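Colleague: Using the supplied hints, reconstruct the complex from the two chains, each of which is provided in its own coordinate frame.
One line per chain: the protein sequences are A and B, in this order.
Taking the numbering used here, the leading residue of the first sequence gets 1, the next gets one more, and so forth.
Taking the numbering used here, the leading residue of the second sequence gets 1, the next gets one more, and so forth.
Since the hints were derived computationally from the structure, they do not count as laboratory data.
Please read all numbers here as calculations on a predicted model, not as lab measurements.
Mixed in with the good hints there might be a few duds.
Think about it this way: if two alpha-carbon atoms lie no more than 25 Å apart in a straight line, the pair counts; the simulated BS3-like pairs of lysine-lysine are [to be verified]:
1) Lys-98/A <-> Lys-16/B
2) Lys-402/B <-> Lys-75/A
3) Lys-140/B <-> Lys-155/B
4) Lys-312/B <-> Lys-18/B
5) Lys-402/B <-> Lys-15/A
6) Lys-151/B <-> Lys-186/B
7) Lys-308/B <-> Lys-75/A
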Amino acid sequence: MIRIEKLHKSYPIGKDSLHVLKGLDLHIKEGEFVSIMGSSGSGKSTLLNIVGLLDGHDTGKYYLNGQLIENLDEKKAAILRNKFLGFVFQSFNLINYKSALENVALPLYYQGMSRKDRNKIALQYLDKVGLKDRAEHLPSELSGGEKQRVAIARALVTNPKVVLADEPTGALDSTTSHQVMELLKEINREGMTVFVITHEEDIAAETDRIVRLKDGIIISDEKVLKKATV
Amino acid sequence: MFDIDRWQEIFQTISKNKLRTILAGFTIAFAILLFTLLFGIGNGLKHSFEKRFSNDAANSVYIRSGITTKPYKGLQSGRKIQFRNNDSKFINEKFVDEIQFFSPNVERYNVQAIYEGEHNNYTVRGVYPDYQPLESAEIKDGRFLSYLDLKRKAKVVAIGRLVEKDLFGNKNALGKNINLDGISYKVIGVFSDPGGDQDERFIYTPFTTAQGMYRINDELDRFGLTYNPELKVDQAIAFSNLLQKMLKEKHNIDPRDQSAIRVQNYAEDAKNVQQLMFGLNIIILFIGIGTLIAGIIGISNIMVYIVKERTKEIGIRKALGATPSSIIGMIMMESIFITASAGYVGLLLGVFALKGIADTVEEYGILNPSVETSVVIGATIILVIAGSIAGYIPAKRAASIKPIVALNDE
Numbered sequence: 001m002i003r004i005e006k007l008h009k010s011y012p013i014g015k016d017s018l019h020v021l022k023g024l025d026l027h028i029k030e031g032e033f034v035s036i037m038g039s040s041g042s043g044k045s046t047l048l049n050i051v052g053l054l055d056g057h058d059t060g061k062y063y064l065n066g067q068l069i070e071n072l073d074e075k076k077a078a079i080l081r082n083k084f085l086g087f088v089f090q091s092f093n094l095i096n097y098k099s100a101l102e103n104v105a106l107p108l109y110y111q112g113m114s115r116k117d118r119n120k121i122a123l124q125y126l127d128k129v130g131l132k133d134r135a136e137h138l139p140s141e142l143s144g145g146e147k148q149r150v151a152i153a154r155a156l157v158t159n160p161k162v163v164l165a166d167e168p169t170g171a172l173d174s175t176t177s178h179q180v181m182e183l184l185k186e187i188n189r190e191g192m193t194v195f196v197i198t199h200e201e202d203i204a205a206e207t208d209r210i211v212r213l214k215d216g217i218i219i220s221d222e223k224v225l226k227k228a229t230v
Numbered sequence: 001m002f003d004i005d006r007w008q009e010i011f012q013t014i015s016k017n018k019l020r021t022i023l024a025g026f027t028i029a030f031a032i033l034l035f036t037l038l039f040g041i042g043n044g045l046k047h048s049f050e051k052r053f054s055n056d057a058a059n060s061v062y063i064r065s066g067i068t069t070k071p072y073k074g075l076q077s078g079r080k081i082q083f084r085n086n087d088s089k090f091i092n093e094k095f096v097d098e099i100q101f102f103s104p105n106v107e108r109y110n111v112q113a114i115y116e117g118e119h120n121n122y123t124v125r126g127v128y129p130d131y132q133p134l135e136s137a138e139i140k141d142g143r144f145l146s147y148l149d150l151k152r153k154a155k156v157v158a159i160g161r162l163v164e165k166d167l168f169g170n171k172n173a174l175g176k177n178i179n180l181d182g183i184s185y186k187v188i189g190v191f192s193d194p195g196g197d198q199d200e201r202f203i204y205t206p207f208t209t210a211q212g213m214y215r216i217n218d219e220l221d222r223f224g225l226t227y228n229p230e231l232k233v234d235q236a237i238a239f240s241n242l243l244q245k246m247l248k249e250k251h252n253i254d255p256r257d258q259s260a261i262r263v264q265n266y267a268e269d270a271k272n273v274q275q276l277m278f279g280l281n282i283i284i285l286f287i288g289i290g291t292l293i294a295g296i297i298g299i300s301n302i303m304v305y306i307v308k309e310r311t312k313e314i315g316i317r318k319a320l321g322a323t324p325s326s327i328i329g330m331i332m333m334e335s336i337f338i339t340a341s342a343g344y345v346g347l348l349l350g351v352f353a354l355k356g357i358a359d360t361v362e363e364y365g366i367l368n369p370s371v372e373t374s375v376v377i378g379a380t381i382i383l384v385i386a387g388s389i390a391g392y393i394p395a396k397r398a399a400s401i402k403p404i405v406a407l408n409d410e
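Chain B on its own, in the form it takes in the complex (with noise of 0.2 Å):
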């Protein structure tokens, strides 16, 4: 294998015909070039769904309250439906099982934060420390709420990485006082979320707190929640389904008043983008076996040609005393020499490819579009190795046919 004057031998027959070491090698370049482009821009597509659908958890419920529409046992329509402490008590009580993050929300918009000369407004909510799933939010910096905090009302926030942007520029945020509506507030943690701009634009002070400053009594504005995550799609919409009928009820709201009380359940957006998830995989991984399959039957079809082409020579190197084997590892060792450098000048014009165009591309909701250099160092290997089978089977032929037929071949 390593024998430099069989190398020899092998580099010379590969540039003395150039023809089809440029057939074979444009097969396997060309092949190994779309592979990467076509699995790249899939990826892509991919990744901006995954951005696009990552804003919050993916099994997350929001219960808003609104005003009736129907009148309804006596009582009119145009009644505000006000959410109390005790409807946080009465969803909890009766969906244990279902319930796996829950946080009341109370929220205040355009609240003037001021940090020593610097001022700017943002939502300000008052939540449970369930909350943070509930937003897919990442803490970068410190800590979230506790229900520590919640229990002492204490005078803490919790800030987007925006809030820290503006207001403190480059310095640190954590532990410094920003003051909310005249009253100073200790920043206890620095937040990051998936869901963009405006989700790192919140401040998230402990519920009890929020409650105290901005509503009467035990007034809130929403709920939040994430169900369950072993309900499958059609039971967490049947769950969300009751838990609006039961809210319904006791606020007394007839069953059909649609905006009484809303209920907006992920569940059904979820199922639907991880049907698309699913189907853009298959044509991901459709594309890729479609490509590496093309581009097996031209390397074995150039293979056949090129072992048929050279069936007199074999035969002369046979009459002057070449063994079976040394023919066979003559031709396996050019073919895979030529498809795998080949190939690896298809993966390398496919990655740059790729990067040129990430820019581009980008416009029309292809973000990111890479593939990892595994998947084309193996599809790479598979190209190789149908390479060298399709180069074997006639090669093998070609060495045990006699030298006398070779000889007469034209």
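For reference, chain A alone in the conformation it holds in the complex (with noise of 0.2 Å):
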């Protein structure tokens, strides 16, 4: 689903450049959930910016879905993104005047789609991770984790290959970041592709494969061994 070879990025800081990734090689399989773990400064946001198509890398190559991403302009990383990726983040980044329901349906918006259908959409979505009442409350009348599971609806909306989500439990409390995180198995377990940032070593722990970044280079990679208990 996702291939790296060979990544390189750098970012300008003055008449300098720091080179923030070094030559990464990471092959993601269809149905995987992996978390990249590291300290602030490996690189692993950088990572997850190339990855969503948020941010261009500087050689290497990166394969999404088997296509080749390279000379990509700003409208088809935007269709790319629409189509293939969700996004969660730390912050949540839901519109704030606009309504639960109305920030899960807006990728839908952007896909062209009539309003009674993505409104439609949204609210099984919402369903999904249990907000249906919430559906007509602005984010500002939700808790911090009501927020980032209409930020988590909102990226399946659109049916994507990948969800990707940095720090998705950055800035909520233990219990729901279990909730979130129990939420992020679900969907990995239905198939979905889930690629977490992290640098909680109890949070990695919840997905199947951990990957190690330290100064821009991929220090270990392995499976989660399941506790038989669970």
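Modeller: Structure follows, in structure tokens:
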């Protein structure tokens, strides 16, 4: 689903440039539940931005769903994001003047779907995350956990190939964090590829595969051994 | 552009973000309101000046005679100067190129005019047909005097609008006979005059008729003429000075004698009025452009602020699949919608305000303050375009920054 070969990325800082990703190789297959672990500055957010087509890379190859990503203009990137990717952000990134339902329906608006159809589908996904009764609430009227569940519903509503979650539990307490991770696990069980970025060991431990990043290099890539008791 | 769903999205953004809608709308509405008011008041000033100075043809010259105040060539002072028909001939022969319209004039005050039961006193003037353009009189009904009337010494009159009203009420005077000092004259025309009530209470009859009736032999009272409009103001003044000098010579008057022959030339007045009007036009233009520039700057600032405020939202929308063109389109349509509708509100307010103050400001010499609709619509379009350009530049920038940067904007 996602294949990365010898990926390099650096950011200009004044006259110098900061080499953030130093030749990554990574292959994530369809239906996997992967977490990228690393401290801040390890390059994990940069990796997610490149994978999420929010940012470009310098050298190396990136295949998304078998398609080589290169020379992507903003328009093509927007269409690919809309079609293949769902985003979940640490700070939720809901539009504050739109209701939960409208936030979830927004990606479908950019697919050109009619209002009636997209609201119907959005409501199904809100139901799926258990917030059907909150559909008309504004983000300011929702708790942090509820906001993140709305964001997950929004990420899922286009039925993407991959869900990308950037520190999805970073702004949540441990109980709601757990609930959000359960939700991500559930959608993974339904066959969705889920790609989580975190710096918390226990969050990473809930995924199936942990890739550890340090100073722009992958230092380990291992399957999580499921505890028999769970 | 006419996608209902897109408009719904835009209306939602507009209605859910009242502050910025009001800010942008207020700027435009206020600019257009000010523009309309100032421009309208400026036009009102212009109108009242135009009215004040349109009584007579702007290039007219009147020549009157009086009594000498200085002895000259053995003649004593206190001598009355009398114009005669040969003075008419003299002026016309000497100034063929300079004169456009010319008429000698016999004037009789307080002539009683009677029609059926109604009577009133008026000034009767015996003139040439050329006198009509001199007075800027406009024929409402019938015709003015003709050279044929003059030749025949016809007993015909052209009467002012108010003479008709006084004597005939609502009836039509044309073709009726009125009695002036016991003699019957046929009404051949009714005129109106921008000079106002006084000028609309004159009765004009052929010069020859009046001269025969009221004057001994070929005596006459004064001359009116308009000079060739191609003459420049300075040339026109030189012409009237020369005319005065030659008439004084002809009548043996000391050249320094100011009261024996008086030549009143409107050229100098006209020059001042022209300069004043030019100045007024410049001021009006300046006001208009100034208000527009203030409006453009205002709307530009607000658009920059609005787009800046929405950077994060734009980032979210892009992450969810919005293309740059859809972002630009959204911001532009919003700004065009707001500026156009606010401009319309400002236009309506301005026009109503002008109507409301019209009666009050007339006392202060501002007549009919109004603005051509095309001018205001033009101004609104300029502001709408300015608003869209002002929205387009930051929108384009916002749409082209990487979503990840926009998302991190707080």
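Colleague: So, for every hint listed, does it hold in this structure?
Modeller: Evaluated hints:
no., hint, verdict
1, Lys-98/A <-> Lys-16/B, "8 Å, holds"
2, Lys-402/B <-> Lys-75/A, "12 Å, holds"
3, Lys-140/B <-> Lys-155/B, "20 Å, holds"
4, Lys-312/B <-> Lys-18/B, "18 Å, holds"
5, Lys-402/B <-> Lys-15/A, "21 Å, holds"
6, Lys-151/B <-> Lys-186/B, "16 Å, holds"
7, Lys-308/B <-> Lys-75/A, "21 Å, holds"
Violated hints are absent here; each numbered hint is respected by the structure.
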